[in-house]
Amino acid sequence: MLPNNQVRVPTMRVVSQSIVPRDITDEFTNAASKLRTGQLVKDEYFTLFEAVGALEIMDPKMDSGYIGPGKSHAQALEDDYDVMRELGPEELVGIMDQLLCHEMAWHMGHPLSQTLFTSLYLDKLLWPVPRTVEEARFDRGGTNGSKDGSPMVRLVLRAYCLALVKACDFVHARIATEYYYEEEDFVTQLYNRSLLSQFDIEQFLKLIDEAVSWVDQQEGKIDENVRDAIKCRLIFRRNFLIALDQDVDVVQTRSTEHFASCLSQLSQLTQSTSLGKAIPEAFSLKIQRKLASTVPPRPMVNISSEDALAHLRRLCQDAIDLKEILEYRGPSNFKVALWSLLSRKPQPSVYIRSLAQTLIVNDMSILGAVSVKQFLYDDLAELVLPSSILLQANMDETEMPSDPRFQIAKKMDDFVKRFAQPFVDTYRSACLNRCRVRRTVCHTVSDWDNLQMEAEDLDVQLQGLSQETPLTFRHGEPTYSFPLSSWAYHQKLSQFRLVLQLGFELSIYSPEELPGIYWYLSHICSTHLAHLDRIRTFTIAATKRNIPSLAGKSRDALERHLALQKSHRLLERLTTQIVAIDAFAIGLHALYVLLARHNLLPTASSAQAYSSDRLRYEIRMKPFISITLPELVPYEEYRREATLDGDSDATVIERATKATAEARKAWEATLANGAFLKEQQDQASKASAIEEDWKRDVKDTMRACIGSSIAIQTVKKALASQGGSEKGSASDAKSQSNDSQSVNLKVDIPEVGSKNRWHDWWVVPQVAEVKSDLKK
Numbered sequence: 021m022l023p024n025n026q027v028r029v030p031t032m033r034v035v036s037q038s039i040v041p042r043d044i045t046d047e048f049t050n051a052a053s054k055l056r057t058g059q060l061v062k063d064e065y066f067t068l069f070e071a072v073g074a075l076e077i078m079d080p081k082m083d084s085g086y087i088g089p090g091k092s093h094a095q096a097l098e099d100d101y102d103v104m105r106e107l108g109p110e111e112l113v114g115i116m117d118q119l120l121c122h123e124m125a126w127h128m129g130h131p132l133s134q135t136l137f138t139s140l141y142l143d144k145l146l147w148p149v150p151r152t153v154e155e156a157r158f159d160r161g162g163t164n165g166s167k168d169g170s171p172m173v174r175l176v177l178r179a180y181c182l183a184l185v186k187a188c189d190f191v192h193a194r195i196a197t198e199y200y201y202e203e204e205d206f207v208t209q210l211y212n213r214s215l216l217s218q219f220d221i222e223q224f225l226k227l228i229d230e231a232v233s234w235v236d237q238q239e240g241k242i243d244e245n246v247r248d249a250i251k252c253r254l255i256f257r258r259n260f261l262i263a264l265d266q267d268v269d270v271v272q273t274r275s276t277e278h279f280a281s282c283l284s285q286l287s288q289l290t291q292s293t294s295l296g297k298a299i300p301e302a303f304s305l306k307i308q309r310k311l312a313s314t315v316p317p318r319p320m321v322n323i324s325s326e327d328a329l330a331h332l333r334r335l336c337q338d339a340i341d342l343k344e345i346l347e348y349r350g351p352s353n354f355k356v357a358l359w360s361l362l363s364r365k366p367q368p369s370v371y372i373r374s375l376a377q378t379l380i381v382n383d384m385s386i387l388g389a390v391s392v393k394q395f396l397y398d399d400l401a402e403l404v405l406p407s408s409i410l411l412q413a414n415m416d417e418t419e420m421p422s423d424p425r426f427q428i429a430k431k432m433d434d435f436v437k438r439f440a441q442p443f444v445d446t447y448r449s450a451c452l453n454r455c456r457v458r459r460t461v462c463h464t465v466s467d468w469d470n471l472q473m474e475a476e477d478l479d480v481q482l483q484g485l486s487q488e489t490p491l492t493f494r495h496g497e498p499t500y501s502f503p504l505s506s507w508a509y510h511q512k513l514s515q516f517r518l519v520l521q522l523g524f525e526l527s528i529y530s531p532e533e534l535p536g537i538y539w540y541l542s543h544i545c546s547t548h549l550a551h552l553d554r555i556r557t558f559t560i561a562a563t564k565r566n567i568p569s570l571a572g573k574s575r576d577a578l579e580r581h582l583a584l585q586k587s588h589r590l591l592e593r594l595t596t597q598i599v600a601i602d603a604f605a606i607g608l609h610a611l612y613v614l615l616a617r618h619n620l621l622p623t624a625s626s627a628q629a630y631s632s633d634r635l636r637y638e639i640r641m642k643p644f645i646s647i648t649l650p651e652l653v654p655y656e657e658y659r660r661e662a663t664l665d666g667d668s669d670a671t672v673i674e675r676a677t678k679a680t681a682e683a684r685k686a687w688e689a690t691l692a693n694g695a696f697l698k699e700q701q702d703q704a705s706k707a708s709a710i711e712e713d714w715k716r717d718v719k720d721t722m723r724a725c726i727g728s729s730i731a732i733q734t735v736k737k738a739l740a741s742q743g744g745s746e747k748g749s750a751s752d753a754k755s756q757s758n759d760s761q762s763v764n765l766k767v768d769i770p771e772v773g774s775k776n777r778w779h780d781w782w783v784v785p786q787v788a789e790v791k792s793d794l795k796k
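Take the sequence shown: its position 104, counting from 1, is numbered 124 in my numbering, and each next residue is one higher.
Fair warning: there could be bad hints in the mix.
Claimed, not checked - Pair by pair, the computed Cβ-Cβ distance ranges are:
| no. | residue 1 | residue 2 | range |
| --- | --- | --- | --- |
| 1 | E674 | L491 | 35 to 45 Å |
| 2 | L346 | E476 | 33 to 43 Å |
| 3 | D269 | I528 | 35 to 45 Å |
| 4 | E239 | D445 | 49 to 59 Å |
| 5 | K365 | F66 | 38 to 48 Å |
| 6 | R333 | E230 | 25 to 35 Å |
| 7 | P622 | F69 | 43 to 53 Å |
In short, the hints are calculated from the structure, not lab data. Each residue gets a CB set at the ideal place from its N, CA and C atoms; glycine is no exception.
Go ahead and model the full structure; you've got the sequences and the hints to work with.
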């Protein structure tokens with residue numbers, strides 16, 4: 021402690037000028053080579069502050085303001101490209117095409133600083149921020165820009181660029197208002213630039229029309245093919261701008277005219293791409309120095325015209341097909357349509373997925389057709405409460421608080437307030453990218469576990485109010501239907517399956533985990549089937565109670581009968597589909613057990629060094645640990661069932677063969693039922709594009725069933741040729757086949773997206789016999 025009259029003098033850090041730097045690259049490489057895979061060396065005193073301080077100033081890779089030696093300040097910061105220079109028709113086409121490529125690259129998720137904001141033409145239009153459309157011109161120093169420059173630049177290219185910027189404004193506004201993931205899905209950073217959001221679309225359409233009119237007047241002055249190419253691009257830009265401006269108004273208009281017009285223009289646009297002449301100097305990375313950004317300079321993103329047009333074509337087609345989900349035909353049909361659309365490969369762009377989020381629920385209505393409460397009631401009516409007093413009670417019709425109907429309506433309103441948002445979110449979460457869908461469901465499945473317990477308490481309260489008649493089974497105790505908790509349990513089990521199946525699509529599981537995961541999928545399916553059987557039992561009982569009143573041909577009885585029949589059809593569809601999933605999971609589980617027993621599954625070199633079967637099971641089941649129902653299977657039981665301990669190879673082969681054959685029949689039945697639950701009057705309606713996607717998905721699954729059958733027969737033949745391997749217990753088979761060379765088979769696990777991976781959710785191994793001479 022210093023006296024009060026003394027001040028501590030800071031010491032100076034003296035750096036000796038005699039220090040001579042030396043290259044330690046070889047020494048560092050040699051030391052690093054001695055580290056084991058996965059080993060981490062960390063200095064606890066080297067913090068984030070030191071790491072940021074280690075960034076080298078005046079390094080071109082980190083410092084966007086760095087000026088290299090031999091260049092003046094003006095030469096280094098400004099480009100010498102003249103945006104008012106005369107452009108040939110071919111050069112105009114080339115600039116338009118390059119701008120379109122950068123626009124699509126931005127749609128794909130790359131920042132504006134690496135795409136559109138590298139254009140010198142756009143930079144002149146957008147900076148300084150124009151106060152009027154007339155002020156947004158390439159020559160900001162002229163009087164009004166009406167006579168400066170050639171018409172090719174000041175009229176045609178300016179109109180194209182301004183319409184492009186306004187189109188980006190519509191896309192940016194839609195995505196920014198919905199759920200998306202920055203840098204992962206899309207980059208909304210505008211770098212202190214304006215996308216002309218303050219101006220009406222009519223002004224841009226007027227400029228496009230003037231440009232098209234001028235191009236039409238150039239007949240004979242410009243090569244006809246090039247002139248048509250310019251006009252095609254202007255018309256496309258006009259239609260694309262109007263289509264994006266429609267946005268959520270498609271709920272009322274149901275029009276896809278402008279996106280269809282864009283699609284019709286793409287063929288001509290593709291054919292005329294070769295006519296353009298690129299001008300690389302019209303795009304520059306130096307503009308990044310003037311953008312408000314906190315990141316180091318990044319390279320320009322250049323995608324090919326083929327990739328850009330392919331992305332644009334998919335965007336337009338997805339926008340057209342998105343209209344099909346607006347045909348509200350009940351929650352179950354809506355879920356099938358939404359999942360079929362958003363499961364396309366490649367997945368629809370973030371703009372389409374953001375627009376779908378808005379269409380799902382906007383202004384407290386679903387698809388602009390029904391209220392959120394009615395949407396929830398419709399799903400309850402389809403599954404567990406067909407023609408029930410619980411959904412018909414209304415406080416507006418019954419004002420006496422002592423009336424049971426009034427109390428039922430009040431409790432059901434409380435149910436809606438608690439369950440409506442989580443239920444709608446199950447639809448909205450499908451609009452995220454596939455990784456985020458799985459991550460979201462992993463979190464929400466525990467929420468639905470709590471919701472199920474709340475619904476069960478509410479069911480108990482409603483039993484007396486609704487005067488429900490319980491059913492008596494063999495054990496003699498009265499059993500109530502518990503409709504609300506049964507519905508919540510159905511939602512939760514569906515999410516269980518989704519978590520497991522998306523894991524296959526995202527290649528989360530290693531090959532040695534596949535037998536266990538497919539067994540657990542089968543376990544969840546069996547649980548779900550038992551639950552659907554319970555729901556069906558009470559639905560059948562309600563149908564029998566309704567038969568006597570149906571004989572009187574009363575209108576209410578007929579409506580109840582139709583509602584019950586609709587619920588029966590939905591339960592049958594769900595049962596058929598889950599039986600198909602269950603059977604196929606059993607078949608693949610048995611097939612992988614055989615491959616694992618004979619050491620034929622490829623394994624990661626570090627898998628055994630850093631993990632164990634128990635640890636892998638715990639990490640895979642982490643989303644389900646806190647779930648009360650269904651209970652998590654203990655590891656010992658899981659290991660015994662997953663390895664089919666005690667079953668011989670012959671038993672396992674028979675199990676795989678029968679299950680795969682049953683799966684194929686069940687998928688055929690699923691395909692025959694169609695994608696949607698249809699009423700009698702629309703059974704013969706024409707299949708939509710989304711329904712064709714669903715059919716293609718089912719057919720791919722059936723192809724996977726056929727591939728699995730072939731693999732099973734190949735393994736069976738190889739084991740039979742060994743002699744004796746089909747006899748005895750599983751442990752005997754495993755001990756007899758410790759040497760993987762004893763079975764002349766080669767197994768390949770196809771990656772997602774490969775031609776041999778028929779379906780993302782069904783990992784069918786490619787099993788081939790290895791000839792003896794090659795093996796030697």
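For each hint, the structure was consulted:
Checked against the given bound of 35 to 45 Å, the beta carbons of E674 and L491, roughly 38 Å apart, stay inside it. Checking the proposed 33 to 43 Å range against L346 and E476 shows it holds: the Cβ atoms sit about 35 Å from each other. Checked against the hint of 35 to 45 Å, the C-beta distance between D269 and I528 comes to roughly 40 Å, which is consistent with it. A hinted range of 49 to 59 Å for the beta carbons of E239 and D445 is consistent with their spacing of about 57 Å.
In this structure, K365 and F66 meet the distance hint of 38 to 48 Å, their C-beta atoms being roughly 44 Å apart. Against the hinted window of 25 to 35 Å, the Cβ-Cβ separation of R333 and E230 comes to about 28 Å, which satisfies the hint. Take P622 and F69: their Cβ atoms lie about 44 Å apart, and the range 43 to 53 Å holds.
Checked against the numbered hints given earlier, this structure breaks none of them.
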